[in-house]
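If you read the protein sequences in the order shown, they are chains A and B.
Heads up, the first sequence is in UniProt numbering, so the first residue is 1 and it goes up one at a time.
Heads up, the second sequence is in UniProt numbering, so the first residue is 1 and it goes up one at a time.
Among the clues, some could well be false.
Intra- or inter-copy, both count: the list cannot distinguish identical chains.
[Stated by the list, open to error] With a cut-off of at most 27 Å between alpha-carbon atoms, the simulated DSS-like pairs for lysine-lysine come out as follows:
1) K264 / K274
2) K264 / K303
3) K32 / K356
4) K524 / K32
5) K33 / K43
6) K236 / K303
7) K303 / K33
8) K356 / K43
9) K274 / K303
10) K264 / K43
11) K519 / K371
12) K303 / K362
13) K303 / K371
14) K43 / K522
15) K43 / K236
16) K32 / K236
Read the hints as simulated data drawn from the structure, not as lab findings.
There are 2 protein chains.
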Amino acid sequence: MNGKKGSIVIKIDDRPETGKKDSGDVGESPAKKWIRDVWQFAKEDMNRITFSLKVGLAVLLVSLLILIRAPYEVFGTSIIWSILTVAIMFEYTVGATFNRGFNRALGSLLAGIFAITMMQVAMACGQIAEPYIIALSIFFVGAITSFMKLYPSLVPYEYGFRVILFTYCLIIISGYRMGNPIRTAMDRMYSIAIGGIVTVLVNSLVFPIWAGEQLHLELVGSFNAVADSLEECVKKYLADDGSSHPEFSKTVMDDFADEPAFHKCRATLNSSAKFEAVANSAKWEPPHGRFRHFFYPWSEYVKVGAVLRHCAYEVMALHGCLHSEIQAPYNLRCAFQPEILDATNQAAELLRSLGKDINNMKRSLQTNLLKRVHSSTERLQRSIDMHSYLLTSSHEIQDCPPKLPISQPSNTVTCTSKDSLSQVEKSESNNEKPNSADTKPVQGDSYHETMRKQQRRLYSWPSREVDDYEDGDVDTEMLQKMRTFESTAALSLATFTSLLIEFVARLDHLVDATDLLAKMAKFKEDY
Amino acid sequence: MNGKKGSIVIKIDDRPETGKKDSGDVGESPAKKWIRDVWQFAKEDMNRITFSLKVGLAVLLVSLLILIRAPYEVFGTSIIWSILTVAIMFEYTVGATFNRGFNRALGSLLAGIFAITMMQVAMACGQIAEPYIIALSIFFVGAITSFMKLYPSLVPYEYGFRVILFTYCLIIISGYRMGNPIRTAMDRMYSIAIGGIVTVLVNSLVFPIWAGEQLHLELVGSFNAVADSLEECVKKYLADDGSSHPEFSKTVMDDFADEPAFHKCRATLNSSAKFEAVANSAKWEPPHGRFRHFFYPWSEYVKVGAVLRHCAYEVMALHGCLHSEIQAPYNLRCAFQPEILDATNQAAELLRSLGKDINNMKRSLQTNLLKRVHSSTERLQRSIDMHSYLLTSSHEIQDCPPKLPISQPSNTVTCTSKDSLSQVEKSESNNEKPNSADTKPVQGDSYHETMRKQQRRLYSWPSREVDDYEDGDVDTEMLQKMRTFESTAALSLATFTSLLIEFVARLDHLVDATDLLAKMAKFKEDY
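Isolated chain A (complex conformation) (with noise of 0.2 Å):
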């Protein structure tokens, strides 16, 4: 068992998940950063050292009824149950204890029934069968118990199953060779009860920690988590030159360490099982703190949680494209980059907002955001509509070089900045009058001379003159597929700008549904 041993110990090294920012100090003993690393751990979120006090406490509690001679006198030497039931019944939040304590004491009553009512039936059948019904009713409790919680339903009330088990299993067993069952089991639950009544008390009268506080602070974060991802992904799109280009698998394998955001966008993406799990403790809990009505609509949080995750599986996409195999030139990434930034800016900031009001319990319509998400995407629509043959190229290009009357539609495009785009135009307009004796459709050679020639020209632009390549003497089918690859690389930049669209065009649902959330749990309103 050692080596294995080994192995997982191994695995804990490799993930220092916590205290990433301290890895500046080298010269430093292990004990000392570890020490730092739980510090840090620990003043991240102050909840978890109120937690493992409230522990502390709850277990001290229930320890003095034995401790202390006048309790113990009274309860007997089956109180240790109670401390038993504290250890297991303590969750981190108060809607999680409530669920467990409703777990376990469901669990002990139908268990504490059964089993009287099956020893009554033993007994009934006399001395001799007895151990023979007690054995098979164990046996039948076991494997019963067991398959119910494998299935889906009843999966959340898996603890509730197991106590049923060993509960069942105690009682009887202790019923036939300690006699007087019904004492047993009332004395059993009576320090179960206590243990409980401890554990709830503590609990949710200590500095309580509200599985719907969390859950709220939770979905905020998401909001802001999917925001920065977003920011963080195109911002990153538009500055890569293709000069560094890590190989992917060592990305995969690196889970992509320089992106901070991308893993908070992730664990978004990941946290399904979770929001549900917190929402359904959140259900449990009585109104406290800012959540002041009864029936809050809990799983209006989970249905938000939903809609977003929509929109960062296009976060994910987008961080996809940033990855792929198959890159945009440059300097196509940054002719479109005014209108991509204002978008993604516009967006993230919606998000933000939406996250902020539900921070601050606010019900407001957004209508300026929305409009101004929408006015700077369709005008990255229409610059990218403008500018499409940017992204195409090839065919109509042999045919009809670049010479066409851009200048005329681009004043309905009201970016600031384009000195990218007005570049390209001018290096194009340059070889307006050479490249205009070609327009007419050439059959054979000629026709694909051009062609190659213009591809050139396109695809080195506008770093090299056309002119360099003039007299090279390329292989036409080397230069068929070059070509089919430059442009579906091209297209890598519409696939980028329409999967950003695509995001935009799914912020609506999402202030649809954070309305409908705000709406249901009356939020105030705030026009």
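Let chain A serve as the given structure and place chain B on it in line with the hints.
Same frame as chain A, but now just chain B:
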């Protein structure tokens, strides 16, 4: 509490995750339906029955130690602890049980040692100080174990910390009240050990359910899920003629009820935690069944799973395109149907073949399939490249209507049924003569006129005739907006194909990862 309990019950009824197939019979009594659902659930995976019966057997065996007089007289009442141990330790797979047993054993041992030490210290401090020292130690053990189990790298050992807490409390308190803590601790250890041994023996000798086997099958299943989902998504995309486009939010809430493969694919995406948990369990298992050598590379399974998930994100993006707000016209999608379908089928076949090889523990290079995938993708790329004017449409066509010699480069594309594309070509070559007059750039109104005309022809193509629209008086501003939208819509096809191509590009890495797994797991070679 009743109201809350009710809401939980409703939630259970909401999700009949099993038994979906049985919706055919309506006039059935609920009890009968329920029994059939349960039967269906058991039949899906007979291991569930096996597991349940094994748990029954294990608790029965431990109970016999008390029910039969001879062992009961040896062990005494503390034997009931072994029942608790079985109920808590018995897990679904052998590896998970070993892992849990290790947690339990180490936790109990640490708690025992610490409790005995503490007991000696307390006794040495005199009778008055003793209870205070014990109480303080309980408080600190409770607080420290609770804090440590929150620490991310220690979360898998959460159960171990709970065991430490309650074992410590039980030993030190019973020791205080009953005297002779070492005797108490030893008795407890014996019975826990007996429970643990019974659990481990029953779990690993009677029809063992191996985590390794589960992981193996899970990975193979994931390959098939991604392949199915890819095919389903592409098929749906090509078949979707825009006639029945339900509300997006409704689709999200319905959770895409008509796409079973999509659900499986998303489950694969969310399975990273499960994969790691099962791999973690598998590491605890001795060589067994098909996995006959020591240090079997279970972690490689997790890595292949990660790369596969990276491919699956692309499928999610494709699925996003399918349910996108902005859709490419149906006819345009039809135009590229043969190439898209071909690439999809090849990719799905490669995925399935990889899955099958893993399943059969064979190592083959997949060169042929990979080559075919590549060439079919290349054909798709080339076809998109050839007909990219269809995708961006607006500006180039203003100057040069599609009278380009498509048929000439088209012979490099070796597709079987290109009826749709050739139809486009024909319908466009019909208009060749009248349009070729407008080839030169025309400024002002007449330029816009031409543009508009061609615009409409392109987007109403091929179902309507150009001349139908000639007389209508359409607002230019409106047309401009529509055009932008339509151009983006057409680009959405480019997005779809780009994502598909990117998916194929990632398959290379999947092949590499799978090959590495095959090498490390020493699959038999099969070239």
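Evaluation of the provided hints:
In this assembly of identical chains, the alpha carbons of K264 and K274 lie at most 27 Å apart whether taken from the same copy (14 Å) or from different copies (19 Å). Taking the closest pair of Cα atoms, K264 and K303 come within 27 Å of each other both inside a single copy (19 Å) and across two copies (21 Å). For the identical chains of this complex, K32 and K356 are neighbours neither inside a copy (39 Å) nor across copies (50 Å), given an alpha-carbon limit of 27 Å. Proximity of K524 to K32 under the C-alpha cut-off of 27 Å is found in neither arrangement, the shortest distances being 49 Å within a copy and 49 Å between copies.
In this assembly of identical chains, K33 and K43 lie within 27 Å of each other by CA distance solely inside one copy; the values are 15 Å within and 53 Å between copies. With identical chains, the CA atoms of K236 and K303 are at most 27 Å apart between copies only, with a shortest distance of 26 Å across copies and 31 Å within one. When the C-alpha separation of K303 and K33 is checked against a cutoff of 27 Å, the pair qualifies neither within a copy, at 41 Å, nor between copies, at 30 Å. In the homo-oligomer, the alpha carbons of K356 and K43 lie at most 27 Å apart inside one protomer (24 Å), although the nearest pairing across protomers, at 49 Å, exceeds that limit.
Taking the closest pair of Cα atoms, K274 and K303 come within 27 Å of each other both inside a single copy (13 Å) and across two copies (24 Å). Taking CA atoms no more than 27 Å apart as the test, K264 paired with K43 passes inside one copy only; the shortest distance there is 19 Å, against 40 Å between copies. Taking the shortest alpha-carbon separations for K519 and K371, only the intra-copy value of 21 Å comes in at or below 27 Å, while the best inter-copy value is 56 Å. With identical chains, the CA atoms of K303 and K362 are at most 27 Å apart within one copy only, with a shortest distance of 18 Å there and 44 Å across copies.
Proximity of K303 to K371 under the C-alpha cut-off of 27 Å is restricted to the intra-copy arrangement: shortest distance 24 Å within a copy versus 44 Å between copies. For a Cα distance limit of 27 Å, the shortest separation of K43 from K522 qualifies neither inside one copy, at 33 Å, nor across copies, at 47 Å. For the identical chains of this complex, K43 and K236 are neighbours neither inside a copy (31 Å) nor across copies (50 Å), given an alpha-carbon limit of 27 Å. When the C-alpha separation of K32 and K236 is checked against a cutoff of 27 Å, the pair qualifies neither within a copy, at 36 Å, nor between copies, at 58 Å.
Hints 3, 4, 7, 14, 15, 16, counting from the list given before, are not met by this structure.
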